[in-house]
Amino acid sequence: MKKILTALALGASAVFASGAAGAATLDQVKKDGVLKCGVSTGLPGFSNPNEKGEWTGLDVDLCRAVAAAILDDPTKVRFTPLTAKDRFTALQSGEVDVLSRNSTWTSSRDATQGLNFTAANYYDGQGFLVRKALGVKSAMELNGASVCTQSGTTTELNVADFFRTNNLQYEVVAFQGQEETLKAYESGRCEVFTSDSSQLYALRLKLANKDEHMVLPELISKEPLATAVRQGDDQWFDIVKWVHFAMLNAEEAGVTSKNVQEMLSSPNPDIRRMLGVEGNFGEQLGLTKDWVVRIVGKVGNYGEAFDRNVGAGSPLQIERGKNALWTKGGLQYGPPIR
Amino acid sequence: MTDTTIAGPDRPFIRTEMLTPQPPPTAVSGFAGWARQNLFSGPMNALLTLVCAALAVYLLWVFIDFLLLRAVWTGTNREACIAPGVGACWPFITNRFGQLLYGFYPADEHWRPATVFFVAVALIVPLLTPSAPYKKANALLFFVAFPIFAFVMLHGGYFGLRTVETRAWGGLLVTLVVATTGIVASLPLGILLALGRRSKLPLIKFVSIAFIEFWRGVPLITVLFFATYMLPLFLPSGWTIDGLLRALVGVALFSAAYMAEVVRGGLQAIPKGQYEGAMAMGLRYWPMMLLIVLPQALKLVIPGIVNTFIGLFKDTTLVAIVSIFDFLGIIRAAFADPNWATPMTVYTGFAFAGIVYFVFCYGMSRYSRFVEERLDTGHKR
Amino acid sequence: MAITHEGPAPAEPVRSRSSILNDARFRGLVAQAVVAAIVVFAIGMMVWNAQTNLANQRIASGFGFLNQTAGFGINQTMVEYNETSTYGRALLVAVINTLMVAGVGIVFATILGFLVGVGRLSKNWMVRQVCTAYVEVTRNLPLLFHILFWYLAVLAAMPAARNSYSLFGEIYINNRGIYIPRFVFGEGSGVGLIAFAIAVVGVIVLKKWATARRNATGQQFPVFWTSVGLLIGLPLIALLAVGFPVTIDHPVLKGFNFSGGSRLLPEFAALVIALSIYTGGFIAEIVRAGIKAVNYGQSEAAASLGLKSGLATRLVVIPQALRVMIPPLTSQYLNLTKNSSLAAFVGYPELVQVFAGTTLNQTGQAIEIIAITMGIYLVISLVTSAFMNWYNQRVALIER
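Residue numbers (UniProt numbering), protein chains in the order written: chain A, 1 to 338; chain B, 1 to 381; chain C, 1 to 400.
The following block holds chain A by itself, in its conformation from the complex (with noise of 0.2 Å):
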């Protein structure tokens, strides 16, 4: 035992030597046929397992569209749920490839936890879910209150900010898991529930009586939620990048799963690119020629994602808001392929 502990503190206080690239998980990915992606443990919108089992959301369509320009089948996808708690530690250890879960873009994140973020999938800000029996309008009269959420988010960091600021008394519990997160909530054990607000309208999906329940107005931080990957594998960060880019550049290029392969012809010099039709952009990222086709055919653009998932064409019904593209006036902004 005694051993097991030197080793492990040897181990733990490993001087850094930076550089040297890991194994390369395109290779991996390509040799298992299968895309390793850790999402959410079930949060509607985002990634969630339907009556059959199969994970469906935006965060899972990401981890699809990766497959499909890779494997080009979307459902060669291994979804791992995983806990707030355990994300990081599964994407440093290689348990999974991709982390598609509603995960802050934060700079220590980005720094010390050994990974990179590509893209903000999707723009939010923290909220709070009171009952509307309580008869509270805003935060701020929160004072003294109960919160719950989820140990070991950004959410956990900046609840206790906003209290603080605004000397507001309060009281944190947090779960480990989403589940009794909500169940406490839902059982009076606070008066407030607390996450990025998408999660909230989310989650009042699964409350018994939703109408009970009221997101308040206030938005009390910035949660840009972004995928992330591994550090030390660029080849990789870059693909799970451009995939995002991909779907955004589609969108603003109106091209969909329905038009895609009439889109082939289009004699746009931009769609040509993007497809494949002329250059090999494709092949540079590591992956091929039609990779954008195989993308948007598979699975659709970022639009078309958002729709199903959390939009329009959704229970959810959020609207484009900051995620719109930037042409739109949201912030989605594609960067161009060439």
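These are computed hints drawn from the structure, not numbers from a lab.
Remember, predicted model here, so these are calculated numbers, not experimental data.
Check each hint, because a few of them may be wrong.
Below, a sample of chain B positions facing chain A; criterion: calculated Cβ distance under 8 Å [unchecked claim]:
1. Gly160
2. Val164
3. Ser323
4. Pro338
Backbone N, C-alpha and C fix where the C-beta goes; we use that ideal spot for every residue, glycine too.
Please arrange chains B and C on chain A, whose structure you already have, making use of the hints.
Below, chains B and C without anything else, positioned relative to chain A:
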């Protein structure tokens, strides 16, 4: 001395034939007597009896009332159980029965785990019945052929069976898979560790002690966390081990350490004469252990071994910490289903889970008592 | 480490001269060399892999994070802690919370276990049946089931703060926990503390004197009740003498919650109840086995000396039964402590929840944190077994 007759015509006051015995006074016999002795032997005892009886009757009534009398038996969603004053909401269980048994195992493949269940029962029942014949063949089938069969059936990928990732396994299936493999693996491992701990070779002894004390000293959930999320950090990149398997190894090693201590207790109780006798017969270490010492030692600690098995069975619930949905885990997940959100859902789920776990664990402990009595060779002091 | 008695070791096998392969010493050396090679190789490989993997991914390492600001709140802190405290401080809070839940759980589990264990041997049939049922039910259900049941099912049945159950208008029970009045000791309360210390010393002296007198003359002295009187009475008199500077802080409904008084978190309550009930079932069996292990002649001898059955149990049977009970009791206490880690399922801020949960996630230093966490549990477990071994030796039968 000659035989003297006590009774005789000259002594008419002496009785010559036996009286028919009278029944004992009712105060000490029959139900009344029994009750007086065992229930009401004093004011304090009478009070205790009444309090306990009231408690027992009350709890029994609560259970029967909730589980049967006020229960709802049919329905398709929460509307069925939303009425005030209803008891257990059984349609919540029946509607997801498949999920509770098999987790997210594809519905059209449910026949596969079902077959495995039936084959397992068909093999285990005769194996555990002392009077059933063909024990050796049966044991061979169960310990060698059955695991292969079960793996092929459950995981698929051979003989045209569709591959079902262990990720999709869940419910009672996972609970039983983890428990059975854990039980089968932890006993031999525990015996080895116990022998190692009593070994005269210092290094082997040290390693065994370190191993046992480490596993007994840390909580299982940290072990599971380590095995599931951190182990790949310690393996060469590119090595992958199935997630369920990792949890399984964690659980098995954990209970092996406990098993080792139980077996050590048995080894310590074997008198030195047995070792000496075995050696006098010219037996080496392993034949001595396998033929003389272990059979006696294991017999002594059957209750402890079965308790470790029961503990392992109960510990399977902790795999939930690494997002494997075992039986209890899948019930907990079902609590969050808004279609079944009623005040009674939680209680129904707990009642059902409780009954299932109780049946398995209580069954095991009863069986161990039965074996203990059967193997008892009457050497008790 | 807890190695108490080693049984008769397998004696030296016969040494053969025919072949070195048959030489027991040689074979022993080979076996050890193989084990050593495997252990060294496995550990070396793990360390090497971890080093490369960490370096490749540029994951922070080292223990410097313990001095960084934690930034999250904890809802039960026995020592000063706020959001600006360090991770190291959070670790301390977490360890104290773990020890607290384990300590309280051990006390309740022991009391419950002794009552039920004795009850299982009662002459009263009804009591026996109820105790047996308790043992069978608690031992045959998973602990996680107990914890979740007490937390989810019982908490859900508790009223909101505004409709709290109230006892005597002083104690309130609701879904936020249990609120009890708290004594606030004002200026000059130190006198009470001093008086209490004097009372403690007095009790010890009294006990010694009473024992000596009993040994000399056989006369009994009611030590217990006198001690209770001393311990309560002396501080009370002292406090009254300085004008009773003690006020009571009552819990009052204010806003969403009660304020004032002392509060037990529902997570804490659920965890303690579940752990005590579950472990109590095991302790009951240990107690029963321990008492049954005491020769019946001991009880008969006690009875023939004229001891009443209660006294006989307390003075003759239990002290002897304790010897048999202590080793298994130790492992139950250790189990309970380790099992308190299941608090992660109900959100009680203990070691696994706060440190191996939130802190791990904020810092990402899984190896260090899991090593510290496991190390702390190991230390707790080794210290507990060392203490119990010491106690075991103290009460052990000193044989010829």
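Checked hints:
no.	hint	verdict
1	Gly160	violated (19 Å)
2	Val164	violated (10 Å)
3	Ser323	holds (5 Å)
4	Pro338	holds (5 Å)
Going through the hint list in order, the structure does not satisfy hints 1, 2.
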